[in-house]
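Construct the entire structure; sequences and hints are all you get.
Here the sequence shown is numbered in our numbering, starting from 2 and rising by one per residue.
Possibly wrong hints are sitting among the right ones.
Pairs of lysine-lysine residues, derived as DSS-like cross-links and limited to a Cα-Cα distance of at most 25 Å, are as follows [stated by the list, open to error]: (1) Lys252 x Lys104; (2) Lys366 x Lys479; (3) Lys366 x Lys324; (4) Lys491 x Lys324; (5) Lys104 x Lys129; (6) Lys339 x Lys491; (7) Lys252 x Lys129; (8) Lys479 x Lys324; (9) Lys324 x Lys339.
The set of hints was computed from the structure by calculation and includes no laboratory data.
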Amino acid sequence: MTTAPIHQPTFPPAEAPTNLLELPLDVKPTPRKRNVPGLPDEFEPLASGSSGEDELAARVHGVPRVDVRYDTSWSNWHNSLDVGGRVERQLTPSNAWTEASVKVPWWSGLIGMRALQRIVIEARDRRKRVRAFGGGWSLNNVAFIDEDLVNTSNLLDGLVFVDENRRTIPWMLDPNTTVDPGRLVLAQAGTRISTLHGWLESRRLSLPTCGASNGQTIIGAISTGTHGSAYGVGAMQDYVKGLHVIGQDGKSFWIERESGPPIVSQTFCASLSSTLRRDDDLFDAALVGFGCFGLIHGVLLEVAPMYLLERFVYQRDFDAAIKAALTLPLEDWETTAKALGLPSTERPYHFEIVLNPYRLGAGQKGAFVRVLYQRPVPPSGALPHSSRPDGTTLNSGELIGCISVISEGFSALVMGAALQHQMESIVAPTHGRGVLGTCSQHFGDTERTGRGISLEIGVPRARAADAVDLILQVTARKAFGAPIALRYVKASSALLAFTRFEDITCTLELPGLGSRTASEAHAMIFDLFARSDIPHAYHWGQGLPVNGAWVRQAFGPRLDRWLAARRAFLTTPEARWMFSNPMIESLGLMDPP
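Right, dumping it as structure tokens:
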């Protein structure tokens with residue numbers, strides 16, 4: 002498990018430094034030619050100032066390192082079809098100066114922050130659009146731009162709000178906060194979920210929930226609404242307490258809720274040279290904002306005391322008990338638990354149903370039920386250990402396994418048999434035995450898929466069975482290699498969270514591999530849902546209809562509030578254009594005409 006550095010500030014508690022990096026950010030960049038064709042496509046440092054005075058200031062205060070690759074190509078982690086393309090400049094900022102002799106500030110993350118500010122200012126001056134990506138896990142072009150594309154993979158540092166003795170660092174916190182500082186972690190944009198697991202477990206802490214895999218960066222995960230299946234917790238953005246955003250003109254902002262307890266102090270914001278904005282609509286808009294509010298430098302998380310999860314997996318027919326469980330009937334969970342043969346009538350922490358759409362008849366055992374119960378951590382001794390991530394949900398490993406069923410024209414019979422074999426291997430029934438592990442052990446799959454494709458639809462849990470019926474209408478007409486995974490998530494207050502439906506959203510995911518048949522089946526699903534009366538929304542990081550009609554239908558007044566918050570934060574049309582891309586425009590997320 003990755004355990005990158007995480008820092009504990011050591012300044013005198015009465016006072017913190019302010020404006021430590023007085024870098025001349027309005028310096029015009031030195032013009033550069035693109036790499037000469039035929040020469041190695043090497044990384045080059047971002048240009049610094051051109052005048053003698055500006056160069057002197059840069060030498061004194063330091064120039065943050067930003068490597069630049071010109072006229073290159075980009076694809077996502079899964080090499081999905083029709084995702085990515087040629088890029089004018091791919092920029093990779095780091096937490097380092099261009100000269101090693103320059104003193105490192107109190108937190109090296111401030112250097113990366115300055116690098117992002119320089120990138121935004123250069124993009125503004127060059128009249129270019131700028132977007133950032135993390136792990137590249139999104140299965141569409143929501144993060145992509147063909148102009149200035151920022152790779153955040155080197156921004157890996159973090160901050161905790163307690164010292165080495167777990168004592169509060171007073172100057173970082175608002176004096177009126179009621180949040181436990183021992184559970185606050187600030188992670189930079191490039192921090193992967195696997196790295197967070199390492200930081201937290203070393204401190205006997207855990208993420209409250211996470212997605213099925215740990216390869217995403219934390220910013221990418223929250224910005225697209227990634228969720229787990231902890232129906233009492235919500236999605237990953239729902240335990241965010243603060244956002245550090247580099248916005249219009251390269252200005253630095255710290256964003257929190259106004260209605261919630263205050264978290265950070267004015268002194269802490271000053272140490273980041275940031276303007277503090279406490280605003281509910283701005284916070285709820287920027288949480289699931291897919292880069293439309295600026296370049297997010299860091300995110301403040303309120304994490305949980307460490308817990309273990311005990312996993313049970315059952316394979317059974319798609320019978321009346323499974324159909325009744327599709328709506329997650331918590332009101333009478335004891336009856337549901339007994340009907341499903343679960344080991345306990347207690348409500349689980351995580352509940353999931355996975356269906357093979359081609360094996361739903363009597364005796365075909367095409368339904369898999371996964372329940373995870375939260376268990377306490379032993380007060381002493383070693384944690385459970387797994388030599389590899391165990392019990393991953395349907396995600397990248399399964400997609401690779403389905404490689405044999407992506408050929409065009411397979412019958413439902415053949416498709417169902419191939420998919421069943423993979424599901425029995427990957428979802429892996431536990432035969433009544435509980436498998437105990439940490440969050441990172443249960444959700445740790447980071448394998449590449451190769452041509453991965455998926456879509457995920459959020460619906461009210463009361464309409465889950467209706468949504469399954471719609472999808473089965475498509476699989477009956479066009480066989481494509483994808484299971485249906487149903488998970489359950491507490492409704493989110495983020496304005497454009499696709500898990501927005503009260504009280505609990507059921508998400509239906511169909512992960513598979515890219516093919517003409519799969520694309521045609523997805524289009525049929527989009528059409529059926531658009532013509533149905535089922536309230537629904539699509540996961541922003543997966544396949545979705547690239548039009549504004551479903552966005553308006555799904556979010557209504559929430560969309561208006563999102564657009565208004567964006568206009569208030571990015572006050573000019575030029576700034577709003579700069580932090581967008583063609584997909585954002587097609588989804589109706591720019592200014593109304």
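Hint check:
Using a Cα cut-off of 25 Å, the hinted pair Lys252 and Lys104 holds, with the two alpha carbons roughly 23 Å apart. At most 25 Å may separate the alpha-carbon atoms for a hinted pair to count; Lys366 and Lys479 meet this at roughly 21 Å. Distance restraint check for Lys366 and Lys324: the Cα-Cα separation of roughly 14 Å lies within the 25 Å cut-off, and the hinted pair is therefore satisfied. Straight-line distance between C-alpha atoms of Lys491 and Lys324 comes to about 21 Å, which keeps the hinted pair within the 25 Å bound.
The suggested pairing of Lys104 with Lys129 is violated, with an alpha-carbon distance near 32 Å, which exceeds 25 Å. Taken as a hint, the Lys339 and Lys491 pair is honoured in the structure, with Cα atoms around 24 Å apart against an allowance of 25 Å. A threshold of 25 Å between alpha carbons decides the hint, and for Lys252 with Lys129 the separation of about 17 Å falls inside it, so the pair holds. Taking the CA atoms of Lys479 and Lys324, the gap is about 23 Å. The hint holds against a cut of 25 Å.
For the proposed pair Lys324 and Lys339, the alpha carbon gap of about 14 Å is at most 25 Å, so the pair holds.
Checked against the numbered hints listed earlier, the structure breaks hint 5 alone; every other hint is satisfied.
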